Amino acid sequence: MTYRIHPALIVFASIVFFFLLAPLVIIIGSALSDTTYLTFPPRGLTLRWFENIFEMSAFRRTAITSFQLAFAGTALSLLVGIPAAYALNRYRIELPSWLSTVYVLPILVPEIVFGFSLMKSVTVGLETPIFLTLLIGHALLVLPYSVRVVSASLASFDFSIEEAAISLGSPPLKTFFTIVLPNIRAGVIAAFILAFITSLNDVSVSLFLTGPGISTLPIQILAHMEQFFDPTIASVSVLLMLVTVAVMAIVEATLGLTFLTK
Amino acid sequence: MKYFRSWSLALPATLAVLLLLVIPVASTIATTFGESAGPFAPYIAFFKSGFRRTVLWRTIEVALITTAISLVIGFITAYVIARMPGRLKSIAIIAAVFPLLTGVVVRSFAWLIILGKNGILNDFLIWIGAIAEPLSMLYTEFAVIIAMVYLFVPLMILTLVGVLEGIPNDVVEASISLGASPAATFRQVVFPLAMPGLIVGAVLVFTGSFTSYATPQLLGGERQMMMGTFLYQRAMVTFDWVGASTIATIMVVVTIGIVLIMSRIARRLNPMAV
Amino acid sequence: MTVSLDIESITAHYGHTEVLKDLSLSVKAGELVSLLGSSGCGKTTTLRLVAGFLPPTKGRIKLGDKDITRLPAHTRNIGLVFQNYALFPHLSVLENVAFGLKQRSVGSSERRKRASEMLDRVGLSPYAERLPAALSGGQKQRVALARALVIEPPLLMFDEPLSNLDAKLRIDMRVEIRKLQRANGTTSLYVTHDQEEAFSISDRVAIMNAGKIMQLDHPEVLYQRPANAFVARFVGFENLIAMKVSERDGDRVTAEVEGGSSIALSQDSLGPIPDEFVLAARADGLSVRRSGEGLPVTLGLRTYLGRAYQYQCQSTAGDLVANGPLSDPMEQGGSAVLAPHFEQCCILPVEA
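Chains as they are written, first to last, in this note's numbering: chain A, 1 to 262; chain B, 1 to 274; chain C, 1 to 352.
Bear in mind the hints are in silico, worked out from the structure with no lab data behind them.
Small disclaimer: the values here were computed from a predicted structure and weren't measured.
There could be a bad hint or two in this list.
Covered stretches of chain A, as calculated for chain C (at least 3 residues, CB under 8 Å) [what the hints assert, rightly or not]:
no.	segment
1	177-186
2	221-234
Counterexamples of contact, computed for chain C against chain A with all Cβ distances above 10 Å [claimed, not checked]:
no.	residue
3	S92
4	R130
5	R147
6	L169
7	D217
C-beta atoms are modelled at their ideal positions from N, C-alpha and C, and glycine is treated no differently.
Assemble the whole structure, with the sequences as input and the hints as a guide.
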């Protein structure tokens with residue numbers, strides 16, 4: 001579809017893009033303002049609010065927790081998600097069709113309901129440590145990305161390639177690692193990135209699962225905002241945006257960004 | 001054990017979901033039916049209370065308005081993006097993806113700066129002379145809706161760009177070759193083919209905004225309580241777990257109900273399905 | 001090392017569907033046998049059973065003296081060539097060919113040498129370092145062939161290896177496959193739905209239908225002496241005419257077709273004729289004449305074949321197809337007789 005577009009539509013789309021990006025520019029501006037309250041355009045320029053974050057141990061601690069959760073949760077979800085995706089594609093006729101629905105339940109059920117239920121049944125019911133419950137919550141929250149994105153790349157994988165390797169004497173498990181995995185690499189990377197970012201930004205599941213001494217960065221930001229309205233939050237937001245930039249650079253380098261419209 | 005291999009691979013993920021998601025959520029739902037006052041007591045209480053009804057209707061209203069606005073903005077923008085030449089298209093997609101990958105908290109926070117008493121929107125309106133005194137825009141339904149639209153438009157755009165690009169070009173050309181004007185082609189060919197995608201996008205936005213927490217919390221506060229914030233308040237402030245579970249159950253029923261109904265409709269409307 | 005392949009009364013299921021029933025097949029050492037049939041006839045299933053990708057419900061598969069029925073697929077040592085080539089997209093052409101040697105723990109320099117030699121034999125040495133995506137369809141199939149041959153398997157199996165290639169290349173490749181197979185003397189099982197391909201490449205061909213082998217024989221025999229109606233139709237006998245013997249006089253037999261007309265046949269050229277039988281004839285084997293001895297018909301549509309005219313004919317025994325001479329074109333609607341050329345017809349048993 002490349003023929004001409006009505007100029008009015010182009011103007012409309014331009015306004016939409018301004019609407020999408022201006023708020024983020026405003027955050028960056030506010031983070032640099034040399035005032036104790038949030039304002040835009042910035043009055044005076046300073047980096048002291050960035051220094052301030054590093055001085056506040058709560059942000060440091062919760063940031064570390066958030067990255068640990070994102071890494072470990074994503075890794076766990078891939079660990080169980082890749083075999084499940086493989087089974088769904090390789091043994092399609094053997095497994096019931098409802099099984100693939102089971103794996104998307106974590107995004108079908110409202111996140112906040114999932115977080116609340118996990119707190120009631122696991123944190124309170126089983127008295128599990130806070131970090132463990134958070135990890136369970138995050139791993140499950142991102143499982144749908146692991147299963148679906150890996151599934152999508154397995155769907156276009158020609159399993160006769162795997163059979164060729166086996167017929168040439170390669171044992172099945174080894175074949176998975178030497179033949180199948182290298183060919184679904186893009187899907188695994190994509191799943192990892194989507195899962196990682198989802199976990200890092202999560203509020204609704206973590207909300208009920210944080211506890212004394214252990215919290216995640218988004219929850220800490222929310223808590224901070226309820227008490228203070230200074231540029232510290234803006235500078236934390238800028239740092240989180242830098243993480244997004246880094247992630248997008250990885251996506252662009254490995255898969256190309258157009259991948260995200262598929 | 002005929003299907004031993006397939007099941008053993010699928011089992012860990014299946015068990016994780018069943019044990020750690022399905023059972024906890026089911027038990028949340030179950031607690032609402034186990035009250036001594038009768039099996040539906042919590043629901044009768046919920047719908048008897050004017051305040052709780054207001055929260056539910058407000059949530060539905062906000063979600064519906066957000067969905068409608070996102071659909072219009074998202075579809076037009078996606079339509080323009082789908083027709084852009086390659087290079088420009090990638091830039092446009094990056095511009096849409098960037099907010100999507102930025103967290104909900106950060107994106108809601110931006111509107112706190114914009115809509116505040118001393119925020120830039122008030123500054124701007126005073127500067128152009130439209131108003132004399134700053135308006136209080138925060139903690140209104142308007143603030144929640146604008147932030148939610150901001151939250152969900154990128155998702156809608158990306159979903160619909162994918163759908164529009166999936167419409168084969170030769171179908172559009174065939175329509176034009178048969179004498180249909182671009183407008184008629186849009187109405188009679190492009191739009192019907194994009195319909196299932198529009199439904200998918202609408203379901204994503206509706207369920208997302210219906211169950212959101214951070215945005216109503218930051219921009220709506222106590223005054224514009226929605227189901228998500230109400231659930232949190234019941235569970236963690238008043239420790240009314242049965243009340244919270246009742247809210248949770250209503251949320252599950254509404255979202256899953258919408259997903260089931262709309263996906264059935266989308267399937268029926270999808271002319272390209274087998 | 002040449003060994004035979006023996007499939008002994010194998011039954012197989014996909015889910016609950018029975019796809020093969022009690023199938024037996026022997027391929028002699030060094031022989032190339034084709035499984036020929038339309039899709040769903042069970043030919044690929046047979047190949048997958050032998051390869052070890054599908055466990056049989058019943059039966060036994062032997063390679064030489066060794067029972068391989070329960071052996072894991074990767075230990076069977078069978079060379080496989082797939083329809084869609086199944087090259088490893090992330091490995092170079094040379095690495096693809098060397099893959100099987102690597103699994104057999106052949107040292108890296110030896111591996112390289114043997115893979116290079118094999119690539120040379122299929123004429124692809126200049127492409128050794130490329131990725132499969134950079135090759136044409138024909139080149140990909142050569143790599144797949146080299147990859148299967150380099151492990152020197154006692155058995156080679158081909159699953160429709162040429163069906164993704166264009167017509168010209170298909171003919172070149174099948175000659176090449178046959179040459180390589182002959183040169184190595186490797187026992188081979190070849191699956192195809194293309195009759196010409198099967199007949200030209202094979203020592204023997206098994207024509208399959210609905211999970212059963214209908215006939216297994218040399219191509220010449222299948223073509224000239226099909227054993228049953230299915231095989232006869234499959235190899236192009238358009239006319240199957242049911243007949244009853246009404247009179248015998250030594251080798252001369254008079255047979256009657258439905259509707260009353262009779263025709264004279266000779267056991268001399270057709271072989272023994274039972275009292276009830278089916279006469280099978282290609283269009284070429286029935287000659288259209290204006291008058292004389294033969295089966296009376298009404299002529300229908302005439303088409304031009306280059307070497308003859310072909311007529312759709314109506315007879316009391318049903319619709320028939322027959323050829324007539326170019327020198328004497330006949331009109332639609334006219335009457336004529338069909339005279340069989342006995343040496344081109346055959347006698348089939350009546351089937352229930």
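Structure-based check of each hint:
For a cut-off of 8 Å, the count of residues in the segment 177-186 of chain A with a CB near a CB of chain C stands at 3, and the three-residue condition holds. Only residues whose C-beta sits within less than 8 Å of a C-beta in chain C count toward coverage, and the segment 221-234 of chain A has 0 of them, not enough to reach three; the restraint is violated. Distance to chain A confirms S92(C) as a non-interface residue, since its nearest Cβ pair spans about 13 Å, more than 10 Å. The Cβ of R130(C) sits about 17 Å from the closest Cβ of chain A, beyond the 10 Å cut-off, so the non-interface label holds.
Separation of R147(C) from chain A is inadequate, the least Cβ-Cβ distance of about 7 Å not exceeding the 10 Å criterion. Every CB of chain A is more than 10 Å from the CB of L169(C) (nearest about 20 Å), matching its label as outside the interface. Every CB of chain A lies more than 10 Å from the CB of D217(C), the least distance being 29 Å, so the non-interface label holds.
The structure is inconsistent with the numbered hints 2 and 5, although it conforms to all the rest.
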